[in-house]
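**Student:** For reference, the chains in residue letters:
Protein chains: 2
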Amino acid sequence: MSSAFPPALTRLIKNLGRLPGVGEKTATRMALQILRWPAPQARELAGSIGELHEKIRLCSRCFTFSQEDPCPICSDSRRDSSIICVVEDPGDLLAIEKAGAFRGRYHVLHGVLSPMDGIGPEQLRISPLLERIGREGVEEVVLATSSTVAGEATATYLSDLLQDRGVRTSRIACGIPMGMDLKYADKMTLQRALAARVSCS
Amino acid sequence: MSSAFPPALTRLIKNLGRLPGVGEKTATRMALQILRWPAPQARELAGSIGELHEKIRLCSRCFTFSQEDPCPICSDSRRDSSIICVVEDPGDLLAIEKAGAFRGRYHVLHGVLSPMDGIGPEQLRISPLLERIGREGVEEVVLATSSTVAGEATATYLSDLLQDRGVRTSRIACGIPMGMDLKYADKMTLQRALAARVSCS
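Top to bottom, those sequences are chains A and B. The end of the first sequence is residue 447 by my numbering, with every number in the run present. The end of the second sequence is residue 447 by my numbering, with every number in the run present.
No wet-lab data here; the hints were simulated from the structure. Mixed in with the good hints there might be a few duds.
In silico DSS-like pairs for lysine-lysine, Cα to Cα no more than 25 Å straight-line [to be verified]: (1) A:Lys271 - B:Lys260; (2) A:Lys260 - A:Lys271; (3) B:Lys433 - A:Lys260; (4) A:Lys271 - A:Lys301; (5) B:Lys260 - B:Lys271; (6) A:Lys344 - B:Lys271; (7) A:Lys260 - B:Lys429.
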């Protein structure tokens with residue numbers, strides 16, 4: 247970092263550079279932009295970052311980020327408690343909620359199995375999932391981990407684990423995304439989409 | 247924004263979305279990442295944003311962002327005070343400083359002429375530039391505004407303005423960027439590069 251910038255700006259650029267996908271150039275652009283904002287707007291951003299860790303906890307049932315415990319979804323009696331959707335992280339939960347296609351409850355693993363990184367079943371929220379299944383009268387578990395290698399492996403592991411626990415397990419469908427031109431789909435996706443073809447009648 | 251996220255997270259996502267080049271998806275990814283950071287790291291980012299407007303002012307000579315007044319460049323007696331490089335904003339000053347190719351002083355306009363947006367000479371730091379030229383014994387003014395339409399217009403305006411003030415004016419060279427394949431250069435750049443060709447002897 248050049249000394250042509252004042253220390254307070256250099257410090258901010260360094261901190262912004264820790265955000266995902268933000269390099270030094272982007273961080274510089276952001277910092278200069280924040281400096282051009284009215285001071286209250288900058289204070290508002292600072293305040294919202296500062297209060298984040300204080301206000302947000304993990305829901306003790308589904309482990310999503312929440313300000314209340316249990317979270318609004320877990321405490322909503324209109325949600326179907328017989329079906330649990332297992333996701334990798336709270337961002338995935340949000341994506342499904344936005345789609346509005348699921349009315350059950352969730353369970354957030356906070357990661358996927360990745361032995362190379364030292365992440366085994368103990369590092370994920372798997373035992374609380376098994377407890378919930380026994381306690382909450384769950385009938386179906388939807389495995390909605392990503393269709394990456396690690397996500398697939400995690401889904402397979404959970405599916406095996408749940409097999410003799412008296413619950414149905416299912417996996418979200420893999421196929422061609424809506425609106426995608428077929429010629430741009432990768433080979434694996436095409437193979438899956440063909441194998442999982444659905445009768446039109 | 248979906249109600250599936252706690253209000254503190256939603257608030258942060260909204261605030262991050264005001265940064266340049268950050269849409270809702272990127273803001274969500276950033277916010278979730280900040281939540282995964284250790285709390286002190288998040289507080290450090292919040293603190294550096296919070297202190298920014300308090301600590302940083304404009305240098306009263308060159309108008310760059312600075313914690314001291316005059317700024318370190320204006321108060322550095324080793325810098326050549328006979329030559330002033332005029333730039334649009336402090337980010338451009340930083341880029342030139344990083345290149346290490348200029349040992350004079352700077353003057354930051356804080357924008358370019360843009361009549362459509364209501365930005366005329368009075369909105370830019372042009373009168374203080376004229377005062378400095380008289381007061382500081384300036385011999386040359388390098389016009390280093392961008393080679394955009396507005397940047398070129400501003401350079402032309404300043405060049406005309408300075409013509410009968412006893413200073414030399416120059417414009418940074420326009421041409422093919424280093425390392426660029428000629429076939430990807432745009433027409434205007436090629437025309438300029440050819441017109442401004444330099445003898446090899």
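**Student:** Name the hints, by number, that the structure is in violation of.
**Tutor:** 3, 4, 7
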